[in-house]
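For the first sequence, the UniProt record's numbering assigns the number 1 to the initial residue and increments by one for each residue that follows.
Hints are not guaranteed to be accurate.
To be verified - Keeping only pairs whose Cα atoms sit at most 25 Å apart, straight-line, the calculated SDA-like set for lysine to any residue is:
#1 K135 x R163
#2 K135 x P223
#3 K135 x T173
#4 K135 x T159
#5 K135 x E53
#6 K135 x A224
It is worth saying that the hints were derived from the structure and are not from the lab.
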Amino acid sequence: MKDLSGARTGFARAGTPMKHHFDQPPEGFRILPGRLDRPAQEALLADIRAVVEAAPPYRPQMPRTGKPFSVRMTNCGALGWVSDRAGYRYQSVHPETGRPWPPMPQALMDLWRAVADFPHPPEACLVNLYDADAKLGLHRDEDEDEFAAPVVSVSLGDTCLFRLGGLARADRTRSLRLSSGDIVVLGGAARLAYHGVDRIYPGTSTLLPGGGRINLTLRRVTPAP
DNA sequence: CAGTATCG
DNA sequence: ACTG
1 MKDLSGARTG FARAGTPMKH HFDQPPEGFR ILPGRLDRPA QEALLADIRA
51 VVEAAPPYRP QMPRTGKPFS VRMTNCGALG WVSDRAGYRY QSVHPETGRP
101 WPPMPQALMD LWRAVADFPH PPEACLVNLY DADAKLGLHR DEDEDEFAAP
151 VVSVSLGDTC LFRLGGLARA DRTRSLRLSS GDIVVLGGAA RLAYHGVDRI
201 YPGTSTLLPG GGRINLTLRR VTPAP
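Turn these sequences into a full structure, and let the hints guide you.
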């Protein structure tokens, strides 16, 4: 049964008298018109293989409960996003090896420069590894101290069902498929929009030998100098 | 105080 | 554990 209360913000019909409504996705959300071609995807994948070699993917845990994520993660760049019983945070070292995160590959620095429209380089690239059953619940990227910079996301491998909401958790959401090579920018008002990954469609890409999906999210964490 | 990138 |  649909929620007919109407007492929600979201992708409301135009002309609704309530505040905080929009009939379009939040301003600043865009899927770049041209996805990365196969050679570019393969080059990025080679970079990520090196990252994974130096900083092995691990399974984060939810704050307080310790409940494991289905998604495995690692990072590259000066800072990496981690989650464990102590909470969400950015830190400069891998939580299991204690070593600094491997450097941000040049291709990702170049990609950021090309699409972010922000005058300072990214500090963190979170690498999310999805197997066929992995999901990421609706959330906002709000652990950064710099919201003027966008979040830039690159999809590699199997297609996923991506869900985009609004600025409040209860806002209406839209679902869209993201396929290998797609580049998404969450900037402007959409920088703090709720989003998540509802499902992976196995066998929809030949990029990753074992199947699955890799998502790279580039972020500026500290205020621009 | 409840909620959270969990899971349903 | 930390934010809102």
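Mind checking the alpha carbons of K135 and T159 for me, to see if they're no more than 25 Å apart? Given pair K135, T159 holds - Cα atoms ~13 Å apart, limit 25 Å.
K135 and P223: Cα distance at most 25 Å? violated, 30 Å
Taken at face value, is the distance from the CA of R163 to the CA of K135 at most 25 Å? The given pair, whose Cα atoms are some 11 Å apart, holds under the 25 Å limit.
Would you mind confirming whether the straight-line C-alpha gap from K135 to T173 stays at or under 25 Å? holds, 16 Å
Straight-line Cα separation of K135 and A224 no greater than 25 Å? This hinted pair is violated, its Cα atoms lying about 32 Å apart.
Is the hinted pair K135 and E53 satisfied, with a Cα-Cα distance of at most 25 Å? Given that 25 Å is the threshold and the Cα spacing comes to 24 Å, the pair holds.
Violation of the numbered hints given earlier is confined to hints 2 and 6; the remaining hints are satisfied by the structure.
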